[in-house]
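Trainee: Sequence:
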Amino acid sequence: MEAIVIGGGIGGLCAAIGLRRRGWRVSVLERVPEFREVGAGITLMANGLRGLDALGVGDAVRGAGSADAAGGTRTPSGRWISRIDGAALTAVLGTAAIGIHRAALHEVLRAALPAESLVTGAEVLDVSTGVTYRHRGVTVTRDAALVIGADGIDSTVRARLWPAHPAPVYSGSTAWRGVTARPWDGERVAAITWGPGAEFGMVPLGDGRVYWYGAVNAPAGLRVDDELAAMRARFGGWHAPVSDLLDATDPAAVIRTDLRHLAAPLSSYAADNVALLGDAAHAMLPNLGQGANQAIEDAAVLASVCAPGEDVEASLRKYDRLRRPRSQQVARAAAQICRFGQQLTNPVAIALRDTLMRLTPARVALRSMARYASWDAPDIPRAAGTD
1 MEAIVIGGGI GGLCAAIGLR RRGWRVSVLE RVPEFREVGA GITLMANGLR
51 GLDALGVGDA VRGAGSADAA GGTRTPSGRW ISRIDGAALT AVLGTAAIGI
101 HRAALHEVLR AALPAESLVT GAEVLDVSTG VTYRHRGVTV TRDAALVIGA
151 DGIDSTVRAR LWPAHPAPVY SGSTAWRGVT ARPWDGERVA AITWGPGAEF
201 GMVPLGDGRV YWYGAVNAPA GLRVDDELAA MRARFGGWHA PVSDLLDATD
251 PAAVIRTDLR HLAAPLSSYA ADNVALLGDA AHAMLPNLGQ GANQAIEDAA
301 VLASVCAPGE DVEASLRKYD RLRRPRSQQV ARAAAQICRF GQQLTNPVAI
351 ALRDTLMRLT PARVALRSMA RYASWDAPDI PRAAGTD
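Counting from 1, position 93 in the sequence shown corresponds to residue 93 in full-length UniProt numbering; the numbering is continuous, with no gaps.
Treat each hint with caution, since some may be false.
[As the list claims (entries may be wrong)] The calculated label-pair distances, taken between Cβ atoms and stated as ranges, are:
1) 239 - 116: 49 to 57 Å
2) 25 - 376: 23 to 31 Å
3) 321 - 371: 17 to 25 Å
4) 336 - 384: 40 to 48 Å
5) 313 - 75: 49 to 57 Å
6) 309 - 257: 25 to 33 Å
7) 239 - 313: 51 to 59 Å
8) 107 - 313: 29 to 37 Å
9) 353 - 252: 48 to 56 Å
Everything labelled a hint here was simulated from the structure, so no lab data went into it. Since the model is a prediction, treat every value here as computed from it, not as a measurement. Cβ coordinates follow ideal geometry from the N, Cα and C atoms, glycine included.
Turn these sequences into a full structure, and let the hints steer you where they fit.
Mentor: Below, the structure written as structure tokens:
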């Protein structure tokens with residue numbers, strides 16, 4: 001039986017890997033004409049890594065990433081508000097978090113699929129009767145027993161099947177992201193810094209480089225010719241190694257994105273034989289670092305409940321019951337953390353927040369961090385004859 005996955009991002013590739021493991025014939029339709037190194041870094045939490053383990057690619061991903069060093073939260077002067085011991089967090093969760101470049105993760109996931117199953121340059125037009133897409137100037141319609149919409153925050157699948165649902169909204173924050181051009185020989189910690197209406201974060205990557213990001217409150221749509229210069233103007237006076245990280249980055253490689261999310265939760269992730277996954281289902285703000293991790297969870301659960309030859313609609317209803325409450329809870333928490341952290345501007349509120357964080361016992365802070373990363377992956381049976 002054939003499954004079509006719409007979208008070749010992290011969630012879509014993981015879904016394809018899991019479904020193929022169950023014995024489905026899988027095609028992944030990706031809009032871009034070719035896969036290439038794009039994006040910046042991400043952090044894979046314990047829950048995402050457990051999902052990747054269930055999909056059979058966890059070891060390969062760990063080999064391409066870097067186990068996060070100790071870190072925590074600082075003020076712009078460099079004063080630590082809270083410290084996180086990496087070994088203690090690993091002991092609580094059973095596995096270290098991994099910093100990895102998106103391109104490296106993408107490469108590992110693509111390598112787990114046959115090249116012929118990846119169809120690039122495919123623009124999906126409709127999913128109401130089969131899957132209709134335009135590929136190399138030709139319009140194609142294909143039937144599939146199972147269709148997965150993993151086509152991102154501006155999902156065509158979601159718009160076609162849930163046309164009345166509110167569109168994603170701007171959060172009020174814009175973000176820059178970058179990666180040092182060469183391996184970094186300075187401080188290697190996984191840490192964030194909170195200032196009034198602003199946040200800077202850094203994550204070591206597996207290839208020795210460091211991924212960094214900066215986020216600020218701003219009107220939507222603002223852009224400048226030199227985004228790295230804008231970063232220096234906003235964060236240049238913050239503690240070391242912020243300026244050094246910016247200086248070590250190619251200006252042409254800096255990405256700026258207005259942070260949007262699906263503020264209105266969907267009432268279902270499934271309709272007939274079609275299911276939504278990842279940002280298409282629950283696009284969330286990045287403040288918990290859970291966007292990709294929740295997409296991986298989606299893919300693992302989907303594969304665990306969908307076997308070829310079984311009732312697809314019943315399987316997708318089960319997927320919806322298992323995934324919607326948790327993923328929407330995480331999305332709500334991410335929005336709350338954004339308001340409590342990066343977007344906070346009132347000096348009194350900031351002082352109160354920082355004091356509370358400094359006074360919180362380390363074991364309590366660890367339990368709080370582990371709340372969303374603690375998740376047990378389902379078993380995904382391997383069909384006979386799959387590699």
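Trainee: Looking at the structure, which of the earlier hints fail to hold?
Mentor: 6 and 9
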